[in-house]
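Asks: Hey, can you work out the whole structure from these sequences and the hints?
Just so we're aligned: 57 in this note's numbering is position 51 of the sequence shown, and the numbers increase by one with no gaps anywhere.
These are computed hints drawn from the structure, not numbers from a lab. Small disclaimer: the values here were computed from a predicted structure and weren't measured. By construction, the Cβ of each residue, glycine as well, lies at the ideal position given by its N, Cα and C atoms. It is possible that part of the hints are untrue.
[What the hints assert, rightly or not] Below 25 Å or equal to it, Euclidean Cα-Cα: the simulated DSS-like pairs (lysine-lysine) are: (1) 60 to 9; (2) 60 to 30; (3) 30 to 9.
[Unchecked claim] Pair by pair, the computed Cβ-Cβ distance ranges are: (4) 30 to 64: 15 to 25 Å; (5) 56 to 11: 17 to 27 Å; (6) 72 to 9: 26 to 36 Å; (7) 15 to 47: 16 to 26 Å; (8) 21 to 71: 24 to 34 Å; (9) 72 to 22: 12 to 22 Å; (10) 21 to 72: 28 to 38 Å; (11) 72 to 7: 36 to 46 Å; (12) 45 to 18: 28 to 38 Å; (13) 7 to 70: 28 to 38 Å; (14) 50 to 21: 20 to 30 Å.
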Amino acid sequence: MAKIYVNGDAQEVSLPLNVSELIKQNNVLQPEMVSVQVNEEFADPNDWERIQLKEGDQVDFLYFMGGGCFR
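Replies: In C-alpha coordinates, the structure reads:
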(Lines of atoms letter the chains of each structure in order from A and count residues from 1; the text may use other names and numbers.)
(Lines give C-alpha, C1' and ligand atoms only; values in the text may rest on other atoms or scores of the structure.)
Protein backbone atom coordinates (compact mmCIF):
# COMPACT_ATOMS: atom_id res chain seq x y z
CA MET A 1 0.00 0.00 0.00
CA ALA A 2 1.09 3.54 -0.71
CA LYS A 3 -0.09 6.84 0.74
CA ILE A 4 -1.18 9.62 -1.62
CA TYR A 5 -3.14 12.78 -0.90
CA VAL A 6 -6.44 13.43 -2.64
CA ASN A 7 -7.89 16.92 -2.20
CA GLY A 8 -5.69 17.25 0.89
CA ASP A 9 -6.76 14.00 2.55
CA ALA A 10 -4.42 11.01 2.93
CA GLN A 11 -5.53 7.90 1.08
CA GLU A 12 -4.03 4.43 1.09
CA VAL A 13 -3.92 2.99 -2.43
CA SER A 14 -2.48 -0.04 -4.16
CA LEU A 15 0.10 0.68 -6.83
CA PRO A 16 0.35 0.67 -9.79
CA LEU A 17 -2.50 3.16 -10.13
CA ASN A 18 -3.17 5.72 -12.83
CA VAL A 19 -5.27 8.88 -12.69
CA SER A 20 -8.24 7.31 -14.50
CA GLU A 21 -8.34 4.45 -11.99
CA LEU A 22 -8.13 6.89 -9.08
CA ILE A 23 -11.08 8.85 -10.49
CA LYS A 24 -13.13 5.64 -10.60
CA GLN A 25 -12.04 4.57 -7.09
CA ASN A 26 -13.11 7.95 -5.71
CA ASN A 27 -16.48 7.87 -7.48
CA VAL A 28 -15.82 11.28 -8.99
CA LEU A 29 -19.08 12.69 -10.30
CA GLN A 30 -19.03 13.88 -13.90
CA PRO A 31 -15.41 12.94 -14.59
CA GLU A 32 -15.70 14.60 -18.01
CA MET A 33 -16.18 17.92 -16.17
CA VAL A 34 -13.31 17.58 -13.68
CA SER A 35 -9.82 19.00 -14.00
CA VAL A 36 -7.05 17.06 -12.31
CA GLN A 37 -3.84 18.37 -10.80
CA VAL A 38 -1.03 16.00 -9.88
CA ASN A 39 1.59 17.64 -7.69
CA GLU A 40 0.21 21.09 -8.63
CA GLU A 41 0.48 20.44 -12.39
CA PHE A 42 -2.65 20.15 -14.52
CA ALA A 43 -2.95 16.73 -16.14
CA ASP A 44 -4.30 16.52 -19.69
CA PRO A 45 -7.32 14.17 -19.76
CA ASN A 46 -5.74 12.40 -22.74
CA ASP A 47 -2.86 11.42 -20.44
CA TRP A 48 -4.86 10.17 -17.44
CA GLU A 49 -4.36 6.53 -18.43
CA ARG A 50 -0.59 7.03 -18.73
CA ILE A 51 0.04 9.05 -15.56
CA GLN A 52 1.14 6.56 -12.92
CA LEU A 53 0.81 7.77 -9.35
CA LYS A 54 3.50 7.16 -6.76
CA GLU A 55 3.94 7.35 -3.00
CA GLY A 56 3.35 10.86 -1.66
CA ASP A 57 1.71 12.29 -4.79
CA GLN A 58 -0.82 15.05 -4.28
CA VAL A 59 -3.89 14.84 -6.50
CA ASP A 60 -6.64 17.43 -6.64
CA PHE A 61 -9.97 17.08 -8.43
CA LEU A 62 -11.19 20.54 -9.43
CA TYR A 63 -14.54 21.66 -10.80
CA PHE A 64 -14.76 25.07 -12.39
CA MET A 65 -18.15 26.69 -12.05
CA GLY A 66 -19.59 29.62 -13.86
CA GLY A 67 -21.41 32.13 -11.83
CA GLY A 68 -23.70 35.07 -11.98
CA CYS A 69 -22.75 38.68 -11.90
CA PHE A 70 -22.14 41.00 -9.00
CA ARG A 71 -24.08 44.22 -8.78
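Asks: Please go over all the hints and tell whether each is borne out by the structure.
Replies: A quick look at each hint next to the structure:
no.: 1; hint: 60 to 9; result: holds (8 Å)
no.: 2; hint: 60 to 30; result: holds (17 Å)
no.: 3; hint: 30 to 9; result: holds (17 Å)
no.: 4; hint: 30 to 64: 15 to 25 Å; result: holds (19 Å)
no.: 5; hint: 56 to 11: 17 to 27 Å; result: holds (21 Å)
no.: 6; hint: 72 to 9: 26 to 36 Å; result: holds (35 Å)
no.: 7; hint: 15 to 47: 16 to 26 Å; result: holds (19 Å)
no.: 8; hint: 21 to 71: 24 to 34 Å; result: holds (33 Å)
no.: 9; hint: 72 to 22: 12 to 22 Å; result: violated (36 Å)
no.: 10; hint: 21 to 72: 28 to 38 Å; result: holds (37 Å)
no.: 11; hint: 72 to 7: 36 to 46 Å; result: holds (39 Å)
no.: 12; hint: 45 to 18: 28 to 38 Å; result: violated (18 Å)
no.: 13; hint: 7 to 70: 28 to 38 Å; result: holds (32 Å)
no.: 14; hint: 50 to 21: 20 to 30 Å; result: holds (21 Å)
Violation of the numbered hints given earlier is confined to hints 9, 12; the remaining hints are satisfied by the structure.
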